[in-house]
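J.: Sequence:
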Amino acid sequence: MKYQTRASGELAPDQSEPFSEVEVGGDQEFSISTREAGGQGALEVQISAPSRRPIPFKLESGSANEEHAVQYIPPEEGQYRVEVRYDGNPIPGSPFSVEGVLPPDPSKVGPRPPSTGNRWRS
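Sequence positions in the sequence shown follow UniProt numbering and run 1 to 122.
None of these hints come from the bench; they were simulated from the model. Please note: incorrect hints may appear among the correct ones.
Unchecked claim - Taking lysine to aspartate or glutamate pairs in the DMTMM-like style, the calculated list, with each CA pair at most 25 Å apart, reads:
hint, residue 1, residue 2
1, Lys-58, Glu-36
2, Lys-108, Glu-36
3, Lys-58, Glu-21
4, Lys-58, Glu-76
To be verified - Here are the computed distance ranges between Cβ atoms for each label pair:
hint, residue 1, residue 2, range
5, Ala-42, Pro-106, 38 to 46 Å
6, Pro-111, Glu-36, 30 to 38 Å
7, Pro-75, Gly-41, 28 to 36 Å
8, Val-109, Ala-69, 32 to 40 Å
Every residue, glycine too, gets a C-beta built ideally from N, C-alpha and C.
Start from the sequences and build out the full structure, keeping to the hints where you can.
T.: Below, the structure written as structure tokens:
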């Protein structure tokens, strides 16, 4: 997820990149731009799992401290809560809801015998 600043200095999500679904067990990343927010406010992030426990993450800031990347791995299926604050205040839209979904499992796909009422005819 990328954030862009409004003229008022508030941060607003970039709607061109949806932030709604992530794959459980996979590396996830979103970015935040504070370039036009003004001042040197502190950026705070908190990610909570469906079980309400905090999820560890890595927050990296770019060289000018205006672009930030958040990396995490969701450990369980369900609804996550992502809170982002700048200078102690929630950014517009925060907290965000993110659905953790299980990845596809090809081992569960396979042929099975036809039932009596659903036979294919050639």
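J.: For each hint, tell me whether it holds in the structure or not.
T.: Structure-based check of all given hints:
Straight-line distance between C-alpha atoms of Lys-58 and Glu-36 comes to about 23 Å, which keeps the hinted pair within the 25 Å bound. With a CA separation close to 49 Å, the supplied pair Lys-108 and Glu-36 exceeds the 25 Å bound. Under the criterion of a C-alpha separation no larger than 25 Å, the hint pairing Lys-58 with Glu-21 is consistent with the structure, at around 19 Å. For the proposed pair Lys-58 and Glu-76, the alpha carbon gap of about 18 Å is at most 25 Å, so the pair holds.
At roughly 44 Å, the beta-carbon separation of Ala-42 and Pro-106 lies within the given 38 to 46 Å, and the hint holds. Evaluation of the 30 to 38 Å hint for Pro-111 and Glu-36 yields a failure: the beta carbon distance comes to about 57 Å. At about 30 Å, the beta-carbon gap between Pro-75 and Gly-41 stays in the expected band of 28 to 36 Å. The hinted range of 32 to 40 Å is satisfied by Val-109 and Ala-69, whose Cβ atoms lie roughly 35 Å apart.
The structure does not agree with the numbered hints 2 and 6 stated previously, though it agrees with the rest.
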